[in-house]
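Each chain, written out:
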Amino acid sequence: MSKLIYIFAFLFAAINGHAQRAALESPQAAVNAFFKASAENNDSTRASMFASIFEEAGQVNSINQLDAQNSSSKLGSVYTFLDQAAGFYKDYSLAFDEVERSINYYEDIAAVHSLVYQTVTEKTGLKTTYEQFLWYHFDLIYQNDGWLISSVTWINAIDSQPIDDALIQDTIWHTLKK
Amino acid sequence: MIRSTKHIVVHASLMLLVQAALQAKEVSYPTLDLMDQYFDRSSSENGSIDEFFTSEAAIRSIVYDEEGRSIINTFSAAAFESELFQLRADFEFFQEPVVLLSQGYGSLETFFCSVHTRLISKTNGDTLHLKSVQSFQVVNDNGWKIHHLVIQNENPWSPVSEKLWPKELTDVIGISTPKMKQARQESSQEYDPNKVYNVNELDEAPVYPGQPALFETLLETFDVVLSPNETHTPFTIEIHEDGLAELKYVNDLSGPQIEKAKNFVNSMLIWYPAIRDKASVRCKLIMYIR
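Residue numbers (the numbering used here), protein chains in the order written: chain A, -14 to 163; chain W, 55 to 344.
Because the hints were derived from the structure by calculation, they are not lab data.
Treat the numbers as computed from the prediction; the structure is a model and nothing was measured.
You can take every hint at face value.
Computed, partial: chain W to chain A, Cβ under 7 Å: (1) Arg114; (2) Pro151; (3) Val153; (4) Gln157; (5) Ser189; (6) Val193; (7) Asp195.
Simulated pairs of lysine to aspartate or glutamate, DMTMM-like, Cα-Cα distance not exceeding 20 Å: (8) A:Lys162 x W:Glu146; (9) W:Lys316 x W:Glu208; (10) A:Lys162 x W:Glu216; (11) A:Lys162 x W:Glu99; (12) A:Lys162 x W:Asp180; (13) W:Lys185 x W:Glu150; (14) A:Lys21 x A:Glu85; (15) W:Lys217 x A:Asp155; (16) A:Lys162 x W:Asp225; (17) W:Lys316 x A:Asp93; (18) A:Lys162 x W:Glu150; (19) W:Lys217 x A:Asp93; (20) W:Lys249 x W:Glu292; (21) A:Lys162 x W:Asp90; (22) W:Lys185 x A:Glu92; (23) W:Lys316 x A:Glu92; (24) A:Lys162 x W:Glu222; (25) W:Lys314 x A:Asp130; (26) W:Lys217 x A:Glu92; (27) A:Lys59 x W:Glu110; (28) W:Lys314 x W:Asp119; (29) W:Lys302 x W:Glu292.
Glycine included, each C-beta is placed from N, C-alpha and C at the ideal position.
Turn these sequences into a full structure, and let the hints guide you.
Pasting the structure below:
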């Protein structure tokens, strides 16, 4: 029987406390805060905003879909992202218009899908503007009286495949073993 | 000549059919294959799952402290695998997805799914069934891999929805052990499955898992006692036939006491259920909270 403790040590075991974060009362609020932070020009303000909406070991991942077959990805922590994106933010300003959002949730976890129209504008020179659709997937966890992002991954639209496809949800029933 | 032409045509047609059949077979769903492989491998005795994750992958499980607050445990793929290996030393571990909600585009695919987990003790054969909801982020980074996984075990206060746990699928696995089911069938005339029994009507009272100190610590944490006294107020909990505890009669408790009692019950592990006539039955326990 004592081994049952071990099961829960694996499946439920409590370990560490966590630093205080902003209390975002819904997954929606956390996602809104993320886009606001992502559009923030000031590096330290942006870093502070990200720190307040991400779980301690939060992930920020981007996938650059080149065509139907090829892509490259950058997978890493919030801090890696902030560090690596600083140069980009120096040259460009970003704006996000969310087109559609959906959510799956159970208890203290939520998965949010968001279709976003992103505008990137050069800060100097010709101030050229670039636009694209992106699909974002967020994993969120409720902790310390608020929702925190544990991972976000986004991917850009390509011409040969409508990005709307990303919002179509397939339901798959798995045949269970007795 | 005609015959041989016909033969060639038939042969060519057959070849085309075979080719078409082969092509049809080649239509694959790599992300579903990955999920199948992950669940199969994690359920096999010595299976390694490390290869199904990216090198930066994070696996998070939600746990709760004594006051019901959620705490996030984060594992690397290697650490998660190590946990599985340790678990397998004492249990046969089996898990499979039930319903998967899938969305994808290009090199990103996500699965929000319900999962059935079965743990069979290697020492006494006791079986524990668990439900969980898990969220997967899967990326194609030199091959499809799991990059992020969040595991939320079922909260008995808030069962997994019918959408993620449809009866049509899950009736086949049930929630009790086969032993219990058999016992129930054998003694179907001798007990009432709908009745909530008092302890004095049972052959065996429900047992809290683990060492007695574990339960004592839980009682102390929430200032709950098992015998009446002047400072504590009575309330009842029900231990269901599957071992899940549920808070029942709380009418004598104040608001804060009810909250405390809720957290107390939420913090409980799954009990060994009460036994009557060789079958697991529902049982009522009276406790007292300050």
